[in-house]
Amino acid sequence: MSFTWFHRLGSPPYVYALAQRLTPWLAWPAALLILAGLWGGLVLAPPDYQQGDGFRIIYVHAPSAWMSLMVYTTMAAAAAVGLIWRIKVAHAVAAACAPIGASFTVAALVTGSLWGQPMWGTYWQWDPRLTSELVLLFLYLGYMGLRAGIEDTQRADRASAVLAVVGVVNVPVIHYSVTWWNSLHQAPSVMRLAKPTMAASMLVPLLLMLAGFTLLFGALLLVRLRAEILARERANPWLKEALAR
Amino acid sequence: MSAPAVTSLANAGGTALAAEALPVTSLAAAGLALRRDLTLALRKPAQLIQPLTFFALVTMLFPLAISPQLSQLRQVAPGALWAAALLASLLALEFLFRDDSQDGTLEQYALSGKSLTALIFAKTLAHWLLTGVPLALMAPLAAIALGAPTAALPGIIAAVVLGSVSLSLVGSIGAALTLNIKRSSALLSLLTLPLSLPVLIFGARATQVAISGGSLIAPLELLGALAVLGVTLAPLAAAAAVRISLE
Amino acid sequence: MSPNTLEAENLHLWRGDRHVLRGVGFSLPAGQCLKLTGANGTGKTSLLRTLAGLMYPEEGRVRFCGADVRADLRAFQGSLAYLGHEPPLKADLTARENLRYWIGTRRRLSDALLRAGLARVGAEALAGRLVRTLSAGQRRRVALAGLSLCAVPLWLLDEPATNLDTEGQALVGSLIAEQLARGGLAVAAVHHELSGLGAVHQLELAA
Amino acid sequence: MKEFLDMGGYGAFVWPSYALTFAVIALNVFWARRALRRAEAAARQRLAARGGP
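These protein sequence lines map, in sequence, to chains A, B, C and D. Heads up: the first sequence runs through residues 1 to 245, numbered per our numbering. Heads up: the second sequence runs through residues 1 to 247, numbered per our numbering. Heads up: the third sequence runs through residues 1 to 207, numbered per our numbering. Heads up: the fourth sequence runs through residues 1 to 53, numbered per our numbering.
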């Protein structure tokens, strides 16, 4: 029985309808979680003993950073499935992920440097986490650049899938070498961008934000996925009925 | 050539299907591919010089941009050397597959019935022999020009030889992916540079240790590890990318 | 060896938005030739590349000797020769070197066999000359020499007689005749009549 | 309320961070919906073209 479930996830009309039905079930809970996280993070959580209220940037920086990596891995996994079993829907998922991941990588970079500014006195510091985030942004731009460079959708799907898989294999290698490089040259005195030790009242809002952002990603992905599926279905008869819904 | 003569010759020239032609292993086929690329490159040496002149050119920029003081340049030498090496090897990558794709020989490799991964690895090995090794032999000149002590030269050569293996391998994936894209040199560097950063970091570190006279074991081991990772994964990805570009 | 048969079943292929192959199907028994006709852009090349396993049809299947070619694509591709629009030759290598590196990766190739292959197509005088210095017709003959040296059961030929004079076209006809006589198969996209082949299947690809 | 906005002196960093992140969220929502609308329009056009002649 389980195989037919997986098999049905490969059929565009089924996934299109599923995506259409699920979107509100992800979007509204995401909004609620994010609002609760904001209220907890900005109002209820006490200031940090070291960074004062400056630490509250973590409630937007950490979720964005988590999104940038989680979306890339999701993209690479979908790309691998699409490449191995030749499932068009998987390639559609990968294509839908890229812009979302890239935009939150930019958010993570900017909020990271804004958060680091009070500590370092400058807006950019070659902190290992920020540097890895910057490289991740280039991986996204490379993926989207390759997709834009190839006209034929099927070939663009498969070529960018290879790049995504190669990229995800390199992400830990890059992160390790950047951290190793940073520990080598960095004077220990400069505080690195690490999460401060957090009391429960500080931690709960962060978990709410992380959950909210993840559900938000789900909702955004499903909307974009429908667009990508339509783009790949040419003039299939089932479209008429799906569009009427 | 009248018809009868043709049929009699056929048995001599064309071999009958029944007697299966003596097969060739993928390894032997890869050896042939390597020899072909080396022969082709030596027929047109001008193309071999280009990456080397580019490497010297970029190295020359640093003293002019920073300062003529060797003591100051020595600080920047490892980074300048490796940035120049990275860009030079990138330059030579674009035509790794493009010429073969345009004249149809790459297609024949894909249809050869032999492991395309082995054939692609042979082509990448030829690329490394033709660009990576010459760069490594030229690196000491650049290092001296940037104030490195002569004692550091063997270490620098070893680092560039080892590092350029990974550069060629990672580059082969980008070259295969952008095979059919016109004006793809910008995209090729966007795909290849982020994946080459670990090599840049460990290579520059090895050069720095060589200059300061420290023990080269650890940095060279890390460069070796990257090379092994590259050798095992890159040809597979590049072969898949070639098949996709031929679709 | 089970008889060489090539079947295509309900092949559908799109190139971008164009539905290039619309349910193409045929069955080609051993010793037979299939002639593909149709105007430019009707999918002859796409069909040949799909049969060769270079392109992946969205629907349908290709069977060789009864087995789906995708089951062991590499073995299938080892048993076919595909000749595209351009002869697959490097301009900076001589005709002999080109054959050595092209056919040599497929099968063991002695010098005698190589010379015989060139002689078969009347190109033995070109052996030592760089392909860069050869005319289009001469390059096509060197490519045909490679084809005849492949010794494989299935030939997929895309306009094999381009740039050839009438004598060259007759050569193509006789090469295919030999391939069929050996019990092999040939699928050829051609504009002109294939001389001396007798009964030939034909597949017209509509615009 | 005023000290809330002041954020213990870090207001100049906290609020831009939140503003930017929620701008990115809003941009994503807008982008996704626009992409879907465009894809639906294109699909309808393709259906009309196919259904026609």
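I should point out that these hints are in silico values taken from the structure, not numbers from a laboratory. Be aware that one or more of the hints could be misleading.
[What the hints assert, rightly or not] The following label-pair restraints were derived from C-beta to C-beta distances: (1) C:Thr133 to A:Leu184: 53 to 61 Å; (2) C:Thr5 to A:Val169: 25 to 33 Å; (3) A:Arg155 to C:Ala136: 23 to 31 Å.
Quick reminder that beta carbons are idealized off the backbone N, C-alpha and C, glycines included.
Okay, the hints, checked on the actual structure:
1. Separated by about 57 Å at the C-beta atoms, threonine 133 of chain C and leucine 184 of chain A satisfy the suggested range of 53 to 61 Å.
2. Take threonine 5 of chain C and valine 169 of chain A: their Cβ atoms lie about 43 Å apart, and the range 25 to 33 Å is violated.
3. As the Cβ distance of arginine 155 of chain A to alanine 136 of chain C is approximately 29 Å, the hint placing it in 23 to 31 Å holds.
Hint 2 from the list above is the single one not met by this structure.
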